[in-house]
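There are 2 protein chains.
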Amino acid sequence: MTLNACLTPFAESLRESLFDDADAPTALPAAQRIEFDHILHLRHAGETRCRLRAELVGAEGAPLVAVLGGISADRHLAANGACAAPGWWEAQVGEGRPVDTARLRVLSFDWLGADGGLDVPIDTADQADALLAVLDHLAIPRIEVLVGASYGAMVGLQFAARFPERIGELVALSGAHRPHPYASAWRAIQRKIVALGQLQCADAQGVALARQLAMLSYRAPEEFADRFAAEATVENGRVRVAAEDYLDSCGLRYAQKWQATAFLRLSESIDLHRVEASAIRIPLSLLAVEGDRLAPPEEIYALAEGCAADCRVRVLRSKYGHDAFLKEVDAIGEVLADALQDLVCREEDRA
Amino acid sequence: MTLNACLTPFAESLRESLFDDADAPTALPAAQRIEFDHILHLRHAGETRCRLRAELVGAEGAPLVAVLGGISADRHLAANGACAAPGWWEAQVGEGRPVDTARLRVLSFDWLGADGGLDVPIDTADQADALLAVLDHLAIPRIEVLVGASYGAMVGLQFAARFPERIGELVALSGAHRPHPYASAWRAIQRKIVALGQLQCADAQGVALARQLAMLSYRAPEEFADRFAAEATVENGRVRVAAEDYLDSCGLRYAQKWQATAFLRLSESIDLHRVEASAIRIPLSLLAVEGDRLAPPEEIYALAEGCAADCRVRVLRSKYGHDAFLKEVDAIGEVLADALQDLVCREEDRA
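Residue numbers (our numbering), protein chains in the order written: chain A, 4 to 354; chain B, 4 to 354.
Rather than coming from a laboratory, the hints here were simulated on the basis of the structure. Possibly wrong hints are sitting among the right ones.
All copies of an identical chain are treated as equivalent in the list; a pair is satisfied when it fits inside any one copy or across any two copies.
[What the hints assert, rightly or not] The calculated lysine to aspartate or glutamate pairs, modelled on DMTMM-like cross-linking and capped at a C-alpha distance of 25 Å, are:
(1) K260 to E293
(2) K260 to D248
(3) K260 to E301
(4) K322 to E225
(5) K322 to E301
(6) K260 to E38
(7) K260 to D345
(8) K322 to E293
(9) K260 to E50
(10) K322 to E226
(11) K260 to D40
Using the sequences plus the hints, can you model the full thing?
Here is the structure:
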């Protein structure tokens with residue numbers, strides 16, 4: 004049985020009813036799903052009761068790794084004993100995978116705002132506070148390594164700057180300490196598209212179209228040149244280009260799962276993100292992707308130059324641009340395995 | 004008195020009534036504005052009566068240069084005796100400028116579809132046919148040099164492929180023989196934005212937002228990084244990024260002048276464009292701009308490699324990306340002066 008790997012919190016109640024613990028294959032790693040209310044002091048909205056949702060996989064006592072993805076990702080990284088549906092990062096997380104759930108304890112959480120219930124500006128510092136609340140709730144003293152990709156890298160940087168005593172090392176893939184002004188403009192237009200849809204109560208249509216534009220920013224021209232070289236056609240008196248079927252279907256799938264409010268608030272959140280590079284004092288491992296139009300390598304180099312810690316930068320060339328962390332499975336797997344090697348060895352020595 | 008340099012055909016009747024021949028300063032070069040109906044065989048709509056509008060500046064007998072700009076450009080390149088309002092390419096066209104109206108006869112025309120009266124697919128071959136009709140109407144046997152920028156370069160390539168006996172040389176700036184699939188996707192989304200606006204009879208709002216997205220494709224991240232580095236702000240509970248005022252004003256100004264139909268049909272026209280490089284057998288001078296996201300240098304190199312003629316390629320690095328032909332006045336002036344030097348010298352010898 005295959006379920007979509009990117010279910011959002013709205014769809015998760017369905018997923019949980021389909022895959023409760025009793026039905027899960029015994030081979031899947033032990034896991035718990037946590038959900039609780041907590042009052043956070045949001046930067047732009049003050050004291051706010053928020054629903055926090057997390058997932059914790061692997062044996063108690065193993066070194067704790069937190070894994071955070073893009074704004075569309077959720078707490079469910081990979082199939083586990085608490086939820087057998089595929090997660091959004093099956094390629095990297097699981098037994099024998101680079102983020103090895105047999106040797107590590109792996110934590111993730113749903114972004115504040117992802118459930119559409121929080122219609123206020125949210126920023127990455129709020130997300131870092133939410134992660135801290137999850138750690139405290141689970142009585143986890145410290146994240147050994149936080150692996151963050153895209154938005155997860157930004158939240159990881161905020162967490163490192165705010166709570167350095169609660170994190171050992173940060174692996175930040177395709178994310179920087181500030182948004183690039185061109186990428187911000189690109190996102191602002193996506194939000195205006197959603198607003199144009201909302202004007203006529205065509206919310207889903209606006210969200211779908213905004214997602215299409217977002218897809219262009221996640222990918223790079225090389226991939227489009229490979230996949231969509233066919234000539235434009237004329238259908239019913241209108242010109243249609245080769246990428247339109249693909250983009251339409253990306254938009255539709257997304258709009259079935261995401262509410263306008265969640266899209267808008269998480270999109271805004273990227274543009275509110277800003278961390279002083281010099282405030283980062285824990286070891287950093289950064290990945291920059293040539294061709295990434297959202298987190299261009301220059302920005303990641305600026306972060307590396309400005310931070311006050313040991314910092315390693317790797318550069319990857321990928322036709323997938325910003326989405327390389329999802330699409331370049333082997334190269335990203337190497338980065339992760341390398342970053343987690345010491346932890347895994349330490350755990351093997353201990354065991 | 005200053006009038007907007009980018010008036011479209013809709014606004015030109017107003018401009019003509021403000022600046023008729025009698026009022027024009029005597030120093031402006033002699034010019035005629037031509038307007039006539041002609042039946043064209045449009046590729047996707049068959050025999051169609053079209054209104055053609057052209058402007059011809061300079062002395063009879065001087066070598067004829069045709070100058071064509073982007074989809075938003077029109078026939079009015081620079082102030083002249085028939086229309087004293089500033090044109091869209093004052094920096095390059097006029098007495099003593101690189102396209103020297105004292106030594107050359109300079110022709111331009113309004114794009115088919117720009118007046119919003121033609122709601123059918125239009126392609127660059129149709130535009131080339133329209134240019135031929137203008138030449139025939141004016142009894143001009145041959146264009147010595149055609150200077151085309153952006154869409155004008157595409158139309159120039161079509162003209163060269165279709166009517167090689169009517170053109171001596173083509174200078175094509177920031178345009179290639181085919182659209183890049185990524186740029187086509189970008190335009191398709193602009194058209195979908197217009198359609199979303201039209202759904203609720205908010206045509207102008209859709210056109211304005213589509214133009215904002217188009218602006219991102221015309222420019223490059225470097226310029227945005229220089230101009231819009233300020234942090235995002237929260238206004239009335241919404242996040243606003245630094246480039247939004249600029250983009251909003253670009254969109255508004257554009258939507259005041261352009262109808263949805265004209266925008267859609269000219270945008271489509273770029274995606275229908277395709278010329279076999281090997282069909283180009285006249286001398287070519289190409290300009291590629293590093294950082295151009297619509298006509299990336301690789302595409303222009305592919306054209307240079309595939310064409311069956313003498314071809315010279317220059318490469319310019321510009322933070323203005325595709326808009327370099329408008330913004331890099333000195334560098335573009337050199338390219339034009341160089342390309343037109345032989346013509347000007349020939350004319351001086353004759354005089």
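Okay, the hints, checked on the actual structure:
1. K260 to E293: neither (31 Å within a copy, 39 Å between copies)
2. K260 to D248: within (19 Å within a copy, 31 Å between copies)
3. K260 to E301: neither (34 Å within a copy, 38 Å between copies)
4. K322 to E225: both (5 Å within a copy, 21 Å between copies)
5. K322 to E301: both (18 Å within a copy, 15 Å between copies)
6. K260 to E38: Classified as within; 20 Å inside a copy, 54 Å across copies.
7. K260 to D345: neither (38 Å within a copy, 63 Å between copies)
8. K322 to E293: For K322 and E293, both the intra-copy (9 Å) and inter-copy (18 Å) Cα distances are at most 25 Å.
9. K260 to E50: This pair counts as neither: shortest intra-copy Cα distance 28 Å, inter-copy 47 Å.
10. K322 to E226: both (5 Å within a copy, 24 Å between copies)
11. K260 to D40: within (23 Å within a copy, 53 Å between copies)
Of the hints listed earlier, those the structure fails to meet are numbers 1, 3, 7, 9, in rising order.
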